[in-house]
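Undergrad: Each chain, written out:
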Amino acid sequence: MSRTIVVEHLARIEGHAGITVVLGNDRVERVEFNVVEGIRLFEGLVCGRHCVDVPGIVSRICAICSHGHTITALSAIERALGMTVSAQTRTLRDLAFQGASIESHALHVFCLALPDLLGHPSVVSLAGANPAAVGMALRLKKLGNTIQEIVGGRAVHPVNYVLGGFGRLPSTDDLLLLKAALEAGLNDCAAALALLCTVAVPAFVNEPIRCAALVPKDEAFFFGDTVRLSDGFEVPVDQYLTLTNEQAVAHSHAKVSLHQGRSFMVGALARLTLHGDRIQGAARQAWNAIGLTLPSTNIVANNLAQFVELVYSVEHALEIVTTLLARGLAHEPPVPVAIRAGEGAAATEVPRGTLFHHYVLDADGCVVAADVITPTAQNFSNVEDQLRATRC
Amino acid sequence: MKPKIGIFGLSGCWGEQIVILNCEDDLLTIVGAVDIVDFLGGSSRNDEEGPLAVAFVEGSVGSARQEASLARVRERSALLVACGTCACFGGISAMDAGSTREQMASAVYGAGHPVYDVAPHRPLADFVKVDAAIPGCPMEKDEFLRAVTALLNGDLPQPAAYPVCADCKWREQDCLLVSRGIACAGPVTTAGCGARCPGFNVPCIGCRGPVDEANFGSMAEILRTSAVPQERVLGRLRMFAAPYLDKESAGSNPTAGAHV
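Chains as they are written, first to last, in our numbering: chain H, 1 to 392; chain D, 1 to 260.
Quick caveat, the hints were computed from the structure, so don't treat them as lab data.
Among the hints, a few may not be true.
[What the hints assert, rightly or not] The following label-pair restraints were derived from C-beta to C-beta distances:
(1) H/Asp277 to D/Gln158: 28 to 36 Å
(2) H/Ala129 to D/Asp25: 39 to 47 Å
(3) H/Val215 to D/Lys2: 50 to 58 Å
(4) D/Glu49 to H/Glu343: 49 to 57 Å
(5) D/Lys247 to H/Ala363: 47 to 55 Å
(6) H/Thr242 to D/Trp170: 25 to 33 Å
(7) D/Leu145 to H/Asn25: 49 to 57 Å
(8) H/Asp238 to D/Glu102: 26 to 34 Å
(9) D/Ala111 to H/Leu186: 27 to 35 Å
(10) D/Ser218 to H/Ala191: 49 to 57 Å
(11) D/Arg65 to H/Leu186: 42 to 50 Å
The beta carbon of each residue, even a glycine, is placed where N, CA and C say it ideally should be.
The shape of chain H in the complex, shown without the other chains (with noise of 0.2 Å):
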């Protein structure tokens, strides 16, 4: 006989969304991820607009990815405008991407995953239980959005980033704070992996996953300009559309991504799977330690790779700011915007995975046409097959 659960709410996520699963005799039968977030459509909303107030507007997005939307929209629009920035730029935008993969990961594998797996309803009853671990990764937290904020000015929707540059550099104070602040935070992290090290994680999916990920440029784990998949596909993404292939579904006001017809899992996990080698130091060791096998079959192992991306990045923003540090910032103002027609796409890695966006612009810089897809958009999909496949 035939049983439908239905999750009208999904609780300590960001947005709304529910699950409907039909069960059969011994399989899940249906599987419906059902976001049902207010529609926004901000690719409609940036037309008309002048391409100098798009990145404002479309950090609305997201929150707890305004940094990363911000910049990747000002990645796109110089490309379109033929602009290229400094050396100096691309540094100080990669710290900031560091800042938030600090946060956002602290904030989902510590205030929002593992109050289940210790049960508990929310990080605040954890807090009760066990007020160290909260304090360590509010500490955490508190040092991603440290970074954001000297960086763009604004821990959510930040202020400084602009075509060309910033608005601002951060001062050498800035950057010595930052220093002694991150060099705590490798404390925490080697507190925060004893703990996770005592954490077991949940095996209720044993299922292949199919990943992608930005093949990183240079130095730089979450910029690229060709996005690989595990089974061998290559993509570059000014073509990211052939990747995606976005459609409308009825049950859900996010958009389907398939690549040839199959599902794929951007973020944490998948960014290991396939650059794993990037990966070292203080990083490497908790790794090692966390006791994560990759390629995984288990969905819920993405919180593992998300600590680890953590540690690296606390070690790659210490990297960064040291060497600035010694090699002292050099006051430069923004690269000039010359205004022309044009088109441009950029994609980076956020910290739930692959982020695209894409704008045309008309002669006065104004946007013809906006395209966002978003990490947790492309995931929909595998969520619902990894769900598929879960045993009842």
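We have chain H already, so just place chain D on it with the hints.
TA: Leaving out everything else, chain D in the frame of chain H:
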């Protein structure tokens, strides 16, 4: 007994809930002073029915489903606080005030897309009584903490009744609009952010919404004598408060919407 509060999100980026979670140094103190009984974004065990002393609501109302859920929250709450610019003014999603929602939906989802529950986005006060507002995109951490303190002491929080320019002057920052001819929306935008953007050499884009009794006439006059195109400033305000500007232009203040 600690007052029971709820934290709710409608259409938006979740920014206000993230700001609450970003009060890392004060989060455990807040939790010690209030009982958060309904917070879907943070907890999987919620009381979805019982009475609340205060409901903090972020986001705009953009569907029939959200309108109904806001009404339910209002009914069970002694006080309802609109958090963030979407809740206070409509925000980014209301940018075009519903003029061509269906056209935009077709552009985004493709012609012949499935039927979705989609409505023009509106601020909370268009549907229910709002007792207090904390504007900002996102709201400032300090303002939220001050609001919680005020509410715990039986007071209602008040947004600043003066513009961003006042903060900018206090900080002795160079005026982007007058000195440098940059399209800054500071003169008509609610203060409370410490004039953060001009401090980074970037103009205010009006993310905190129009200040109470914003002097759009005087703003227009400043712009007429400067090289800054008027539509750049007022168009920026429209990014965050289109429903408010449309109402103003239809009502008492003819200059408000005339040039946006």
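Undergrad: Against each hint, give a clear statement of whether it holds in the structure.
TA: Hint check:
Between H/Asp277 and D/Gln158 the beta carbon distance is about 56 Å. The supplied range of 28 to 36 Å is therefore violated. Distance hint for H/Ala129 and D/Asp25: a CB-CB separation of about 21 Å, inconsistent with the stated range 39 to 47 Å. Taking 50 to 58 Å as the suggested C-beta distance range, the pair H/Val215 and D/Lys2 conforms, at roughly 52 Å. For the hinted restraint 49 to 57 Å between D/Glu49 and H/Glu343, the CB-CB distance of approximately 52 Å keeps it satisfied.
Remark: the range hint 47 to 55 Å for D/Lys247 to H/Ala363 is contradicted by a beta-carbon distance near 34 Å. The hint said 25 to 33 Å for the Cβ distance between H/Thr242 and D/Trp170, and at roughly 54 Å that hint is violated. For D/Leu145 and H/Asn25, the hinted distance range of 49 to 57 Å is satisfied, since their beta carbons lie about 54 Å from each other. At about 31 Å, the CB distance of H/Asp238 to D/Glu102 agrees with the hint of 26 to 34 Å.
Between D/Ala111 and H/Leu186 the Cβ separation comes to about 53 Å, which falls outside the hinted range of 27 to 35 Å. Between D/Ser218 and H/Ala191, the C-beta spacing of about 56 Å keeps the proposed range 49 to 57 Å intact. Checked against the given bound of 42 to 50 Å, the beta carbons of D/Arg65 and H/Leu186, roughly 45 Å apart, stay inside it.
In summary, the structure is inconsistent with hints 1, 2, 5, 6, 9 from the numbered list given earlier, while agreeing with the others.
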